[in-house]
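Q: Fit chain B to the supplied structure of chain A, relying on the hints for placement.
Here the protein sequences come in this chain order: A and B. One rule links them: number in my numbering = place in the first sequence (from 1) + 23. One rule links them: number in my numbering = place in the second sequence (from 1) + 1319.
No lab work stands behind these hints, which were simulated from the structure alone. The reader is advised that the hints may include incorrect statements.
[What the hints assert, rightly or not] Negatives, chain B to chain A, calculated, CB over 12 angstroms:
1. I1348
2. G1358
3. L1368
4. G1375
5. Y1376
6. G1404
7. T1454
8. P1463
[Stated by the list, open to error] Cβ pair distances, simulated, as ranges:
9. A1360(B) - T26(A): 52 to 60 angstroms
10. G88(A) - G1336(B): 28 to 36 angstroms
11. L64(A) - G1364(B): 20 to 28 angstroms
12. A91(A) - G1367(B): 35 to 43 angstroms
13. P1458(B) - T65(A): 38 to 46 angstroms
14. M24(A) - P1331(B): 22 to 30 angstroms
15. T1329(B) - Q25(A): 16 to 24 angstroms
Backbone N, C-alpha and C define an ideal beta-carbon position, used for all residues, glycine too.
Read off the chains here:
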Amino acid sequence: MQTKHLALDDMRVAGALMLVAGAGRALMHSHVGVPCPLRMLTGVPCPLCGMTTSVTASVRGDVIGAIAANPAGPLVVIAAVLLLVIPRRHTLDVPRWILPVALVLMWVWELFRFNLI
Amino acid sequence: MSEATAVPTTGPRASFGVRFVAWLIDAVILGVVGGVLFGVAGPKGGQGLGGLIGLGYLVYFEGSPSGQTIGKHLMKIRVVDAETGGPIGYGRAIVRYFARILSAIACLVGYFWMLWDDNKQTWHDKLATDVVVPTSAYPVEAWPG
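So that you can see chain A by itself, here it is in the shape it has in the complex:
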């Protein structure tokens, strides 16, 4: 099985920024977000649609709301927290198929959510 050598330091920074943004939105009860250009232009959502809502709901502890928006949200929040509490870990080998499979599953969820399948 082909593995991927992930650089965790970059993911740690990106995860921390995501948690700060999610916590900020949750605390301010904000609905500010970046609309998906693909969905705005074509009506078709992308795999990452709903992630802003999902991450914000996850940070607030609303797991059901988070999963409804995009099931990947709670998972990336948990991953981001783990990266912060394990700062000495710098790399991780993961199977290469993980990302494409995750994106396909997320996309199917979003297409279902927006009643396109």
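A: Same frame as chain A, now just chain B:
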């Protein structure tokens, strides 16, 4: 073909955090300019002029021999050719500018791709065949230009 074979230039790559701050600096600069133009030329004119200035700013700086916008200069990173390590030139800087649309179209997935990529390339880096590198490894002779 592995990604390492496709991009033979070796050496360190600019990190996500540093690239994000550089992007933020450029966004603030272009945002302030856009805001002033909005006030002077109105919504339509301001948007059009702001867009043109954004295009000129990114193509001029990233296509120049240094490959550095003001944000990248302050954060000590630069855009270089993925195969030679040299400048990408103005033609490919234009490609890089418009390829950002592709990177952004699906909730910025093309930008986040650098977190997964072996050469820390975004989609617009791949389409313009460039990599973003620290100047400690790829020194700049003169900036700007």
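Q: Indicate, hint by hint, whether the structure satisfies it.
A: Hint check:
1. I1348: At about 20 angstroms from chain A, I1348(B) clears the 12 angstroms cut-off, so the statement holds.
2. G1358: holds (23 angstroms)
3. L1368: holds (22 angstroms)
4. G1375: Non-interface label on G1375(B) holds, nearest chain A Cβ at 23 angstroms vs cutoff 12 angstroms.
5. Y1376: Non-interface label on Y1376(B) holds, nearest chain A Cβ at 21 angstroms vs cutoff 12 angstroms.
6. G1404: holds (21 angstroms)
7. T1454: holds (19 angstroms)
8. P1463: Holds, because the least Cβ-Cβ distance between P1463(B) and chain A comes to about 28 angstroms, which exceeds 12 angstroms.
9. A1360(B) - T26(A): 52 to 60 angstroms: Holds, at about 54 angstroms.
10. G88(A) - G1336(B): 28 to 36 angstroms: Roughly 30 angstroms apart at Cβ, these two residues keep to the hinted range, so it holds.
11. L64(A) - G1364(B): 20 to 28 angstroms: holds (24 angstroms)
12. A91(A) - G1367(B): 35 to 43 angstroms: Holds, since A91(A) and G1367(B) (Cβ atoms, about 40 angstroms apart) stay within the stated range.
13. P1458(B) - T65(A): 38 to 46 angstroms: At 44 angstroms between Cβs, range holds.
14. M24(A) - P1331(B): 22 to 30 angstroms: holds (28 angstroms)
15. T1329(B) - Q25(A): 16 to 24 angstroms: holds (21 angstroms)
In summary, this structure violates none of the numbered hints.
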